[in-house]
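> Sequence:
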Amino acid sequence: MTDDLHVDFVRPAGLYRDAPYAYAAVAPSGRLVFTAGACPLGPDGEVVGAGDLGVQTRQVVDNLFATLAAAGASARDVLKTTVYVATSSQDDLVAVWGVVKAAFEPYDPPSTLLGVAVLGYNAQLVEIEAVALAPAPSESAPSP
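Residues in the sequence shown are numbered consecutively from 89, following my numbering.
Incorrect hints may appear among the rest.
What the hints assert, rightly or not - List time: in silico SDA-like cross-link candidates among lysine to any residue, alpha-carbon distance up to 25 Å:
no., residue 1, residue 2
1, Lys189, Val204
2, Lys189, Gly102
3, Lys168, Leu207
4, Lys168, Val204
5, Lys189, Asp106
6, Lys189, Tyr111
7, Lys168, Gly102
8, Lys168, Gly142
What the hints assert, rightly or not - Computed spacing ranges between beta-carbons, pair by pair:
no., residue 1, residue 2, range
9, Gln178, Val206, 17 to 27 Å
10, Asp150, Ala205, 24 to 34 Å
11, Pro225, Ser177, 17 to 27 Å
The hints are simulated quantities; they were obtained by calculation from the structure and are not laboratory data.
Ideal Cβ positions, reconstructed from N, Cα and C, are used throughout, including at glycine.
Go ahead and model the full structure; you've got the sequences and the hints to work with.
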């Protein structure tokens with residue numbers, strides 16, 4: 089574990105070394121955060137970027153990071169993500185993954201990337217949920 093990283097990422101010997109993600113994450117003590125799926129909704133509650141995977145993925149990542157921050161966590165505290173893309177195209181999956189990976193750099197938590205038939209909002213193409221480990225509150229901070 090590095091000094092500024094809250095999570096030990098596992099990359100076992102004998103498994104493919106150049107995978108663009110860790111195979112597992114081991115959490116130290118802290119507070120687990122489970123997010124709902126972040127959707128590509130703007131402040132007005134409308135889906136942004138209808139038909140545009142890149143625009144929707146960036147909005148989803150922004151919304152996810154805002155949720156994590158509100159829970160006392162950040163991208164570096166994420167233990168795992170699940171990325172849902174309404175597509176049957178592997179090229180679409182790769183395009184979305186490129187945006188997600190860039191948003192998390194230099195960290196690369198384990199992730200599952202799925203093509204699904206449909207998501208919850210009209211015109212929604214991308215959704216991401218995460219499990220994170222928020223740092224434990226300091227001894228002097230009041231309990232929530």
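> Confirm or reject each hint.
Hint check:
1. Lys189 with Val204: With a Cα-Cα distance of about 20 Å, the restraint between Lys189 and Val204 holds, given a limit of 25 Å.
2. Lys189 with Gly102: holds, 23 Å
3. Lys168 with Leu207: Given pair Lys168, Leu207 holds - Cα atoms ~20 Å apart, limit 25 Å.
4. Lys168 with Val204: holds, 19 Å
5. Lys189 with Asp106: holds, 14 Å
6. Lys189 with Tyr111: holds, 15 Å
7. Lys168 with Gly102: Answer holds: Lys168 to Gly102 is near 22 Å, not above 25 Å.
8. Lys168 with Gly142: holds, 21 Å
9. Gln178 with Val206: 17 to 27 Å: For Val206 against Gln178, whose Cβ atoms are near 18 Å apart, the range 17 to 27 Å holds.
10. Asp150 with Ala205: 24 to 34 Å: holds, 25 Å
11. Pro225 with Ser177: 17 to 27 Å: This hint is violated: roughly 44 Å between Cβ atoms.
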